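Peer 1: This is what each chain is made of:
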Amino acid sequence: MIEVKGLCKSFGDLKVLKGIDDSINKGKVVVVIGPSGSGKSTYLRCINYMEEATQGQILIDGVDITDKSIDINEIRQKVGMVFQHFNLFPHMTVLENITLAPIQVKKMSEEEAKQIAYKLLDKVGLKEKANEYPNKLSGGQKQRIAIARALAMNPEVMLFDEPTSALDPEMVKEVLEVIKELAQEGMTMMIVTHEMGFAKEVGTRLVFMDEGKILEQGNPKEVFENPKEERTKLFLSKVL
Amino acid sequence: MIEVKGLCKSFGDLKVLKGIDDSINKGKVVVVIGPSGSGKSTYLRCINYMEEATQGQILIDGVDITDKSIDINEIRQKVGMVFQHFNLFPHMTVLENITLAPIQVKKMSEEEAKQIAYKLLDKVGLKEKANEYPNKLSGGQKQRIAIARALAMNPEVMLFDEPTSALDPEMVKEVLEVIKELAQEGMTMMIVTHEMGFAKEVGTRLVFMDEGKILEQGNPKEVFENPKEERTKLFLSKVL
Amino acid sequence: GCSKSEDVIVMGTNATFPPFEEIQGNEIVGFDVDISKIIAEKLGKTLKVEDMEFNQLLGAVASGKVDFVAAGMTVDEERAKQVDFSDNYFASKQVIIVKEDNDNIVEAEDLVDKKVGVQLGTTGDIFVSGYTSEENGGTIEVIQFDKGALAVAELSLGKIDAVVLDEEPAKKIVANYEGVKIIEAPFINENYALAVKKGNTELLEDINEILAEIQADGTYDALCEKYFGKTE
Amino acid sequence: MFSYETMIAFFNTFIERKYYMTLLSGIQETLLMTAIATVIGLIIGIFVAIIQVSEFPRKLKWLEKILKGIAKLYVDIIRGTPAIVQVSFIWLVVLADVVMARPVVGGISFGINSGAYMAELIRAGIQGIDKGQMEAGRSLGLSYFQTMKLIIIPQAFRQMLPALVSEFIVLIKETAVIGMIGGRDIMRAGNIMMSDTGSFIWPILIVTITYLVLTSTFTMIMRVIEKRMNKGRF
Amino acid sequence: MFSYETMIAFFNTFIERKYYMTLLSGIQETLLMTAIATVIGLIIGIFVAIIQVSEFPRKLKWLEKILKGIAKLYVDIIRGTPAIVQVSFIWLVVLADVVMARPVVGGISFGINSGAYMAELIRAGIQGIDKGQMEAGRSLGLSYFQTMKLIIIPQAFRQMLPALVSEFIVLIKETAVIGMIGGRDIMRAGNIMMSDTGSFIWPILIVTITYLVLTSTFTMIMRVIEKRMNKGRF
Ligand SMILES: Nc1ncnc2c1ncn2[C@@H]1O[C@H](COP(=O)(O)OP(=O)(O)OP(=O)(O)O)[C@@H](O)[C@H]1O
Ligand SMILES: Nc1ncnc2c1ncn2[C@@H]1O[C@H](COP(=O)(O)OP(=O)(O)OP(=O)(O)O)[C@@H](O)[C@H]1O
Ligand SMILES: [Mg+2]
Ligand SMILES: [Mg+2]
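Protein chains in written order, with the working numbering: chain A, 1 to 240; chain B, 241 to 480; chain C, 481 to 712; chain D, 713 to 946; chain E, 947 to 1180.
Derived from the structure by calculation, the hints contain no laboratory data.
Here are the simulated lysine to any residue pairs, SDA-like style, with alpha carbons at most 25 angstroms apart: (1) D:Lys939 with E:Gln998; (2) B:Lys453 with B:Glu469; (3) D:Lys784 with E:Ser1162; (4) B:Lys318 with E:Glu1081.
From a predicted model like this one, the values you see are computed outputs, not experimental measurements.
Work out the full structure, taking the sequences as your base and the hints as a guide.
Peer 2: Okay, structure coming up:
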């Protein structure tokens, strides 16, 4: 599904990713953890080309997206992304947020796009908010709408960058529930998170990053109980 | 020296001081402590008329400064004030900072003002900084200059509002030393501080304020060891 | 600021009216300036020239900002209500300027429904703005410029159809532009005079006297020769 | 000059010669010019601002350079010269061979002038929008220009609306120099009255009050818009 | 119009009739006017700004109200009307009976105009100075106005310097309308050349370039000042 080969990324002189190799199979849920600044966000952003890789290859369904001749907007349709700060479009209603890309990018009819939107709103439990503006929603509701918005493009992979860390504690659960449900339905996902309990529960594989590299990986439960690397131990001792 | 009778101060609807009675005798050092927002700064600022009292009287050497016909600039010459954030004049050298008020307000000759300034700079141990601009000084040095600046007007009382709380820990001592020396020379002083050790050492009397009132007072050592009020105990348990 | 001192006399003009007045280098020169200099000299005063928009001249003399106006100003009833005019010192007429290849406009009546440029507040402006055709009651579309030259400029660009200006400045200006010509058709005849504040008879009489003097002693003819290359 | 008689005399003439019509058509011309200028300025401003903030794909870097160079030249020249010079230039040189209604030419000229200033406002507005908005748009598969058009500009625009109305007010005032090329705006209406009556104070007072009424009306509109914005839907 | 011959013809006339002198004295007049306007604007601006930010002692509240009212009226009228209307008003009405060099009148008029805009800059500058500075000054026994003069204004002034230079640049451009009341600035020099030669493009180009050189020179000066400020003594 996704194959990452020798991925490097620098910002000017700062080397942020220093050679990442990984492959994510269809239907798997990869949870990425690691200290702040270790490059987790950058890794995710390279995968949907929000950042241009400095070196290495990223193949999605066998297509190398680092190839200059690729139409990046097509790739992005396959890869949904959910951000820490939701990034809903404040000047559009919930419904417009969700239908925008299907109509503009997929050239779907408004009718069809709305149908899909309502289905997704039902899924995230916010059908009654269709005509609200984002500023009327709570953080948890916003994030669920953001997930629905990404799903509306019917992506093959979903990337989550700390989807719950900007939320008040009482709203974390409702968002995690939605993601969990997606996992159960077999969506391929990469999730950067600090919610270790959640990581253990939904992750089919855990990736621990440090200083731009994957330092350790494996079954989440095993890594949590038996970290091999010193750094992993240190990190887990702080966050668990 | 200073007599405070039924001092009240409101900002709009907010009652900050709710009736303070106290008298500070010549040569005494009153240390004011209390939780944040209890009105300590406001109390001090009323004494040199930075804030106008809503009700009550403040007599300095028998003169009621709340009387509207009083020339406030004359009163202020008797009362020096040192602020948490130093408030040195950044566009003037250290020497100019110190000589400004004597020349402008006391109409002293520049010569004379400079002589006094050098004496005071010697006292605070910063003679060699006379021609520097404030931005070249450390926090502790700035505060010592601020003290010298206030002393240059030869005040009868000195007010200190948390003079060390904006300082890096390693600079607190040099400022406290200067204040201690002033105390030994018999300067009348009111000091708001969170430095309990210092309070114990130099304070002739400790005043504990809470919610705009003086809740408890007495010899610093006694109050620290044997607070009578529950609130005082609670406060001291947190800060000691 | 200095208030007017006794030995200075201020002449108001609009230095865009060659050869009566124009700016050359840094100086305002011209027929009116020379006459004014003579007047000042004979009155034993120094001349100060104030250059302003033509349309502000009447107000300026009425308010005392200037002592008199010498600006190739045509004597006119309306104006005479606001200022006192001296004796006439120059006979002029209004002319129509058109593009060289324009044979359709030959007299005032032909200007109806055309875009016609004038200098704001001049006789030409007053005439054209108030013009109503005898035949069909049509009027002229007037565009009022601060400077006659700018009107001719726009004519040469084809932005307007004709310009109505005083004859002498029209000759000077037309010489600077390619492709425009003056129509020799007879048009309003008029007289230029100097203007003083209403009721300032003292100055008015002095001016009239001096004007008569220079006409008698040949100074005036010499000036005409210098500026117009002809004698009246 | 302030005397009762001169006032009566002036206002008699004012009625008699229908100067109110002159004034009215002056107001019309001023507003028409200002409206045209605002629209043109806005269009130019949006284009220039987008050019200024855009990062072109690598293949088109040369185009980016050229466009950015032109934008910079345009902004520098406009901001470095008086509006009246620009208007004269456009009227007498650029549009020399074009016959066009004067308010339209004025509107175009002032629009070209205003574009440089609006570009600055719009650029600041665009850069004030959270970067996350662009990222969210792109991550959904929208192109850079789609995201700009559908997501960034509408938001930036709402935030800038008060500043743009204020630019409109500036234009009402700036256009007062159009008389220099024969325009017949409010200021010119005053000039005509001055020239005909020889009275300065009353025409100037009328002109002053007219401008004040116009600008304060639009200032009020701006305040209302600002208030609406503050408690707006987002 | 752009042809080689007309260019040669124009520049021959340029030399022959000493238009460079006209231009030079135009530059002089523009700069003189701008300088006078800046000084006057600065003085007015400081006064108005102080009135706007001051809190008078209780006894003088009535005076505060009057002064603040006047300041507001002044600012509103100036910001609500075109500069050219103000200049005309001052020249033709206020200073009607005064004989004064035109650049001086222009300078005064534009100074009065600029004062309202500078007041805004200065007010912002003053309010940008830490409140502690006023408190420190007052606590030493300095009066409100002593503290303003010796402590607040000098600091505010340094911070505002770039903005004030930029206002100077704005004035260089704004004064280009002085030709409308007979001034002989750069723009008017261009007009004279146009009238005399019948050529538009060359005079306008010369005028444009002259303004560009002036404004960019002062922009450069502003940049230098800004840099100095940033690594300045405080
Ligand atoms: N656009 C950028 N330009 C320059 N440096 C950047 C950029 N984006 C990220 N970095 C740097 O790259 C490093 C890794 O950043 P990244 O956001 O990927 O870390 P992270 O693991 O997601 O951390 P966190 O848990 O705090 O989100 C950091 O040092 C960051 O400062
Ligand atoms: N100028 C003012 N306007 C309105 N409220 C004020 C003002 N100054 C102080 N207050 C309020 O008065 C109360 C007391 O403030 P004050 O600064 O005297 O407390 P404090 O005891 O000095 O606290 P801290 O230890 O945090 O300095 C606070 O609630 C504060 O918000
Ligand atoms: Mg991150
Ligand atoms: Mg305090």
